[in-house]
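> Sequence:
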Amino acid sequence: MKKLVKDMGVDKLWIKSAQIYQDGIAEKLPDIGRYSRYDVDQKGELRLRGRLRNRCSRLWRTMVITTDGVLVPCCFDKIPDFEMGSLRDKSVMEIWKGEEMNGFRKRILTDRKGIEICRNCTEGLRRMS
Numbered sequence: 043m044k045k046l047v048k049d050m051g052v053d054k055l056w057i058k059s060a061q062i063y064q065d066g067i068a069e070k071l072p073d074i075g076r077y078s079r080y081d082v083d084q085k086g087e088l089r090l091r092g093r094l095r096n097r098c099s100r101l102w103r104t105m106v107i108t109t110d111g112v113l114v115p116c117c118f119d120k121i122p123d124f125e126m127g128s129l130r131d132k133s134v135m136e137i138w139k140g141e142e143m144n145g146f147r148k149r150i151l152t153d154r155k156g157i158e159i160c161r162n163c164t165e166g167l168r169r170m171s
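My numbering applies: residue 43 is where the sequence shown begins, and numbers increase by one.
Do not take every clue at face value.
Claimed, not checked - With a straight-line Cα cutoff of 25 Å, these simulated SDA-like cross-link-like pairs (lysine to any residue) come out: (1) Lys54 to Thr164; (2) Lys139 to Gly86; (3) Lys139 to Arg97.
Claimed, not checked - Pairwise CB distance ranges, derived in the manner of DEER restraints: (4) Arg91 to Gly145: 41 to 49 Å; (5) Ser128 to Arg149: 16 to 24 Å; (6) Asp83 to Asp123: 23 to 31 Å; (7) Leu151 to Asp83: 25 to 33 Å; (8) Asn144 to Leu55: 33 to 41 Å.
In case anyone wonders, no lab produced these hints; they're calculated from the structure.
Ideal placement from N, C-alpha and C gives every residue a C-beta, glycine not left out.
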């Protein structure tokens, strides 16, 4: 893989770890530990590797717009469950600076584990810069 991307003139390659939402598929995880975001406990259940902290830099850097113009906090909100606003009603900046988005940002700083889409995300394991 490294040779392929180098031959293509790519400067950096990031390999994203698989995000798993269902039980019973631990055997499909990569054998090489550095490519897995999970450890398997004694019961065979997946546990997110590392300590999940109350933080997420993405909420201050990015936002996702769904195909129907709804803004959600990030790409982990696939359903979407956490609608911050709609472009039919407000501008991107109004939503970005709005009460819903700021409330979500505050919540991530105190109760990350209480937010379903954030429980399985590695962003809180990263160092904020």
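> Now look at each hint and say whether the structure bears it out.
Status of each hint after checking the structure:
no.: 1; hint: Lys54 to Thr164; result: 20 Å, holds
no.: 2; hint: Lys139 to Gly86; result: 43 Å, violated
no.: 3; hint: Lys139 to Arg97; result: 18 Å, holds
no.: 4; hint: Arg91 to Gly145: 41 to 49 Å; result: 29 Å, violated
no.: 5; hint: Ser128 to Arg149: 16 to 24 Å; result: 20 Å, holds
no.: 6; hint: Asp83 to Asp123: 23 to 31 Å; result: 27 Å, holds
no.: 7; hint: Leu151 to Asp83: 25 to 33 Å; result: 28 Å, holds
no.: 8; hint: Asn144 to Leu55: 33 to 41 Å; result: 35 Å, holds
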